[in-house]
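Each chain, written out:
Number of protein chains: 4
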Amino acid sequence: MIVVMASRAQEQDLKRVIDIITEKGYKHSLYHDKNQYIIGVIGDVKGQDKQQLEACDEVEKVVTVTHPFKLASREFFQDTTVINVKGIAIGGSKMVVMAGPCAVEGRDITLDIAKRMKELGVSVLRGGAFKPRTSPYSFQGLGREGLDYLKEAGDLTGLPVISEVLSPEDVEMAYEFIDIFQIGSRNAQNFSLLREVGGTDKPVMLKRGMMNTIEEWLMSAEYILSEGNSKVILCERGIRTFEKYTRNTLDLSAVPVIKRLSHLPIMVDPSHGTGHWRLVAPMAKAAVAAGCDGLIVEVHPDPENALSDGQQSLNYEKFESLMEELKPVARAVGRSI
Amino acid sequence: MIVVMASRAQEQDLKRVIDIITEKGYKHSLYHDKNQYIIGVIGDVKGQDKQQLEACDEVEKVVTVTHPFKLASREFFQDTTVINVKGIAIGGSKMVVMAGPCAVEGRDITLDIAKRMKELGVSVLRGGAFKPRTSPYSFQGLGREGLDYLKEAGDLTGLPVISEVLSPEDVEMAYEFIDIFQIGSRNAQNFSLLREVGGTDKPVMLKRGMMNTIEEWLMSAEYILSEGNSKVILCERGIRTFEKYTRNTLDLSAVPVIKRLSHLPIMVDPSHGTGHWRLVAPMAKAAVAAGCDGLIVEVHPDPENALSDGQQSLNYEKFESLMEELKPVARAVGRSI
Amino acid sequence: MIVVMASRAQEQDLKRVIDIITEKGYKHSLYHDKNQYIIGVIGDVKGQDKQQLEACDEVEKVVTVTHPFKLASREFFQDTTVINVKGIAIGGSKMVVMAGPCAVEGRDITLDIAKRMKELGVSVLRGGAFKPRTSPYSFQGLGREGLDYLKEAGDLTGLPVISEVLSPEDVEMAYEFIDIFQIGSRNAQNFSLLREVGGTDKPVMLKRGMMNTIEEWLMSAEYILSEGNSKVILCERGIRTFEKYTRNTLDLSAVPVIKRLSHLPIMVDPSHGTGHWRLVAPMAKAAVAAGCDGLIVEVHPDPENALSDGQQSLNYEKFESLMEELKPVARAVGRSI
Amino acid sequence: MIVVMASRAQEQDLKRVIDIITEKGYKHSLYHDKNQYIIGVIGDVKGQDKQQLEACDEVEKVVTVTHPFKLASREFFQDTTVINVKGIAIGGSKMVVMAGPCAVEGRDITLDIAKRMKELGVSVLRGGAFKPRTSPYSFQGLGREGLDYLKEAGDLTGLPVISEVLSPEDVEMAYEFIDIFQIGSRNAQNFSLLREVGGTDKPVMLKRGMMNTIEEWLMSAEYILSEGNSKVILCERGIRTFEKYTRNTLDLSAVPVIKRLSHLPIMVDPSHGTGHWRLVAPMAKAAVAAGCDGLIVEVHPDPENALSDGQQSLNYEKFESLMEELKPVARAVGRSI
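These protein sequence lines are chains A, B, C and D, in that order. Numbered per the working numbering, the first sequence finishes at 337, counting up by one with no gaps. Numbered per the working numbering, the second sequence finishes at 337, counting up by one with no gaps. Numbered per the working numbering, the third sequence finishes at 337, counting up by one with no gaps. Numbered per the working numbering, the fourth sequence finishes at 337, counting up by one with no gaps.
Be careful, since some hints might not be right.
Identical copies carry no separate label here, and so any pair may be met within one copy or between two of them.
Heads up, simulated DSS-like pairs for lysine-lysine below, C-alpha to C-alpha not over 30 Å straight-line [to be verified]:
#1 Lys94 / Lys151
#2 Lys86 / Lys151
#3 Lys318 / Lys15
#4 Lys327 / Lys86
#5 Lys86 / Lys318
#6 Lys318 / Lys46
Hints in this document: simulated from the structure, not taken from any laboratory.
With these hints in hand, go ahead and build the complete structure from the sequences.
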């Protein structure tokens, strides 16, 4: 941590700030730059200490230079984490495709989709039972009933199942039914929920908040990891920008950045990342080329009648083509799919 | 809702889309613009129908022209809502100041702050018992114990108390202790939590999500309102932008926009909105001039030793000056404070 | 400047980087934090040296801690700059209102507006002769002819005149006709143009680029100042964010930030900053309360027939009311208008 | 264009607005939705007419539903434009790589880089003679002298040369020396400059402004096209967002969006798009997989001593590896490189 004193700070101000730093138990290193005192604070700095120093009248600003995440960092664990779930390895050389409908809509359709996904080479079945919707008047998911169908579909096909949980209460209920917990973008900093899934032994796929920096995202992962659950999968799904044509801006540079900063596997969601089915295929290919560990894609047999996110869902035919097109791209970057 | 057909769409495509619209029970109005068919869809359109139409191959885009919120809109309720809590009117001609520490740190300090806030003309005591922190290693609040101190401070001074709840479970527990529930920026789209506070009879102050449009924010209010709780107070607290000097960009234009679109009262938080104590006073004055219904300000007797947000907290002396400076500004816009 | 070495860096890597720093003529201070070497580089660091250090394999990142602007900084010039133009002082205790149409549309209308602005207490007449329009098919301004009308209007009323220049060639031509050069948001980093106006002796009002940080904005001011022209007036006019209701997000916190970092006067443009005439009055009052040195407002006798920006222009009647409403707000913060 | 009346609008208000629309020469189509009148305006609507309608008191908002660009649109020209320059086809099935240093630093180094780029399969040599730098104290380029070296390097190797122009004056001077004009991000809405290059017969590569929507970017292309120059190449180079780890956020979804909206070829710049040499290779591969028509990459023999952008430049060795890695990715999407 670097403390930059105001240019008008006097020696006694400097002394006072150094006393505070010392009282908090840190060592320091002092230097002078362009008429300003600059203090390097050595040690594992707490956020609260940073804020307190910023509260001092004579301090111009405080800059952190090291990453605040620990368990999520590549320094902490230098290998790449591979997460196994029902025989599927997430983070290995074979990329993983998770696919299925945005929302679970009924029993028959769910079983039908699951069988079709299995045939097309999908590794994990996705489907929402609890849906976070901007409007209280939109379809909110089938809840417990949806979990039943998902479990039946998973049992039938042997596919592990991923589904989103929205509140701490959902976690215990969903535990019996699903194989991977998904934390959605709007809950990326719902810390009660992060702690709850951190207390389980099931993998958690943590989507990036649409307003979260990569550092904050890794801090959310840290919440899960620090509760003892080491099976965290990250998922880039687009951030919010001024561009209006796409629903979000899919930040594919997050893939190589995460690969450098962290040992955790990273998936990409080109469906939410773009919001338009026409953009899903090119962005899926781009994500694979960028080096992600897999994709999560919305597929629906009849998007024009989907109860949620029809505009960004692929039908079976388009999804089948995409699966074929992804193979040579994966091979081109030394992976398989 | 307006459906814009792709310019390559043929008559049979148009017919198919109009059939879908008719089946869904909407009327329509058709016109032609620049070689494109454009269909005006009449009726109270569901979000899912919009998404389904966007899923059609021949549809270029779908544009909504009316607001999706109802109970929150000024069309629904043309007067301005005034919310009364223990004798304080929020939304009336007298602006309300809520103030207190970011986090409740202990019994004595909380009682001390409460007494001081009362003396300085504050209307509502704020204080966090459950703290949403980016890092799992930061101080997370005193929880239930903190609520005890807040209640005692409220009883002692007669000030109503506002405090943040982070998960649906917190709501029942906190109900006995506090007078206003606060929903924080990171939970602005935590719909389980919104529904939970919507099921109570206490006022809820809903902060704008740092990445939420004004429309999304009003949709979050709609979640609370649609559960039957009409006592919603909005609070602008800064949005996330590319600017790095400030922690957030306080969007004061949200104040007159909300006044136009909605009947709900709107507060402004210049502490989180800027992240620097030096900017709190000028932005508080600006917020009052923009026409807000009140302010929520972080105050701490000793910001350099605050357990949270010291960098943006005012000490007693600075806060006292601010309270004095606000009075003529409020008068200048025909209000009092 | 702080150089943070990669955590995997060895001692010889460190030595190599320190050698580079030394060769470039800087002193340094070394310390160790969380298994990382951190090097404080002392001296007036050039941007190119920063980039070169970032190019080193073993360097994780480079952080600058001091401001890159000099002549624009309050350290350089501790008083507040007051710029005089034809008897008007910009940056003094009396706030300045610049007003007029977006575009100069003809001789009669320009003279009429000028007279009316004078009567209503405006200090500077604004009007665009060269219009930067997103579309090549929109009205591009009257050019030289527009400058003629502006000059005549200025001569008639005694009001100094401000108008935008779009390219270096415009500067020489416009020099005879106008009193203040305006640099628009889209040209905030048009460095050829900044140098050109920096070579003149007339005041320059530099609008913030809609995507510029405050630091970059001050660096653009530095371009003008470093050419020898010390008469730079800053103008906040809104930045681009994800919010869609307003055309831009007016960043009023820039006002107190600029007041702290720089000695230059700062104006606010609530017309472009919001894009809606309904929001101009509340945001103008907020800007005054935040401590700006003046406002620039679009006024048109008949906004429904304006050739540019009618949607954000006030008619005479609304502008007259605004001028009245601003007075008590200015007084409330110890200024006049 | 859709005009949404305020919900409080009366019949006489509606009549007045319809009269305005009729007077302006448009036809209209009226419908009623949720207590609001909505007017579909038919015809090729001018921006100024939109603004004037927004200026009406009774109008809530005006929404455009068709694209404002014409010559740049795929409706106007349904084939894909291929631009030929000295035997290189930009926009064809073979992807084009433009590479070279950020800034031209001297004669020998420029000739050396050019020869090396030629050997490594590069199609176009890039190099900056005029450098737009945030700081007036940074290296600003060699100017005319740099153009000399570029021309010599182009003649020696047979490579066409691309270089940035910063102001209208540069265009005439640079015309003799270079084969493709580059318009940089900061000048993406410098309309004087756009018109100037639009008046020449040489290809223009137009970078996306870091704050420009895709629609605005195409409007800037429209400026060039409408002057008669049909040889416009688009280049995505990253937009500005809240993320701090990367210099910009490379918006690869712009590639398929542009392919849908426009017939113009689109390049990607992964060097500026990320700002870190470590991220250039993965994002270059992702861009190719997304379907771009080529890449522009910063290469320098010794990035640690580059006079500009060393932090994002590849050295020869890393660039050579990248060229090899790109080939199978291009093949995977049915292209060559």
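Evaluate Lys327 and Lys86 at a C-alpha cut-off of 30 Å and name the case that applies: within, between, both or neither. within (23 Å within a copy, 36 Å between copies)
At most 30 Å between C-alpha atoms: does Lys318 with Lys15 qualify within a copy, between copies, both, or neither? Only across copies: Lys318 and Lys15 sit 24 Å apart there, 67 Å inside one copy, limit 30 Å.
At most 30 Å between alpha carbons: which applies to Lys318 and Lys46, within, between, both or neither? Classified as between: cross-chain Cα gap 26 Å, same-chain 50 Å, threshold 30 Å.
Up to 30 Å CA-CA - Lys318 versus Lys86, copy category: Only inside one copy: Lys86 and Lys318 sit 27 Å apart there, 40 Å across copies, limit 30 Å.
When Cα atoms must be at most 30 Å apart, do Lys86 and Lys151 count as within-copy, between-copy, both, or neither? within (13 Å within a copy, 50 Å between copies)
Quick one: Lys94 to Lys151, C-alpha cut-off 30 Å, is that within a copy, between copies, both, or neither? Answer is within: at 25 Å inside a copy they meet the 30 Å cutoff, but 48 Å across does not.
This entry satisfies every hint, going by the numbered hints stated previously.
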